[in-house]
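Student: Using the sequences and the hints, build the whole thing.
Residue numbers 0 to 270, in numbering that gives the first Met the number 0, belong to the letters of the sequence shown in order.
None of these hints come from the bench; they were simulated from the model. Keep in mind it's a predicted model, so treat the numbers as computed, not measured. Backbone N, C-alpha and C define an ideal beta-carbon position, used for all residues, glycine too. There's no promise every hint is true.
[To be verified] When the alpha-carbon atoms are kept at most 25 Å apart in a straight line, the in silico DMTMM-like pairs for lysine to aspartate or glutamate are as follows: (1) 229 - 97; (2) 220 - 25; (3) 44 - 127.
[Unchecked claim] Label-pair restraints from in silico Cβ distances: (4) 51 - 238: 20 to 30 Å; (5) 188 - 17: 40 to 50 Å; (6) 69 - 18: 42 to 52 Å; (7) 119 - 17: 43 to 53 Å; (8) 188 - 51: 19 to 29 Å; (9) 14 - 69: 47 to 57 Å; (10) 233 - 83: 31 to 41 Å; (11) 171 - 114: 25 to 35 Å.
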Amino acid sequence: MYELDEIQVGNRIKMIAEINRMSVTEVMVKATVTMMATVVKPRLKDYDVYLMETGRIKGVTIRNKIAGRKPWKDGTHGITDHINNMFEEYELEVINEDFFSHTLELIDRTLKAIYDGNHGQKVKEIYDVALSHPNFLYSMLQIGVRLLGQRLQDKNIELKNKTLDHILQEIKKKRNRIEELFKSVRTAEDLKQALIVYYDEINVYFDEFLDRDVTEGTKWKSALEIAGEKAMLDQVGEDNVLYFIGQIIFKIQERFMINIPLIRPEAITMK
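Tutor: Take a look at the structure:
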């Protein structure tokens, strides 16, 4: 579907792959999932994207396109649950083992349903414009990673990427704290400050988790894997990860954008 092996990387990444006895793609995918785990947002509304041409596209709307929505009482307005369909077609451990590729497949299924399904022409035109913006597709990828991870956890699957596994577990456990933190948000500045506190608390959680579980030996294997994932992300560097994601986004744009608006796509400018 998307040939990630075709994405060119620098000699430094090739050296990291050789040292770790991994393929370049394995290194980049591991670093990418780890980075996307560290920027998981607390609420779906925090994934809202504002585009000059279309206005706001809500994170909840993107979520519904990916994970479905029940129809109204009259049987209309239902949306296919693409995650459920994938779960029926693949073994859950197969999805978990190749998590990022299945996330890309999930996005692919979602966009195909928009362009080939029963969505009206207006919706397709909105997505024509939205797909020209890397930030929109990056947000869609982030939501895909979050939703697929959460649904696997709901099936009692421990995620292969331990950073993502523990971030999503922590969000679930601290739902009340998140609600308390964001209930007084009224302005963009309020939201910015709340997100700073949220990410600070996540970082403290990881520091405490690594210290506690390595010392006590309760989940030492997961703790060591998290440390290894963080080390690989540090070696690769966020700039290289964003470049890798940008190349994937370009492949998605090529695959789906039939009527490309006359917009010069900006680089990814959000985390």
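Student: Which hints from the list above does the structure break, by number from lowest to highest?
Tutor: Going through the list in order, the structure violates no hint and respects every one.
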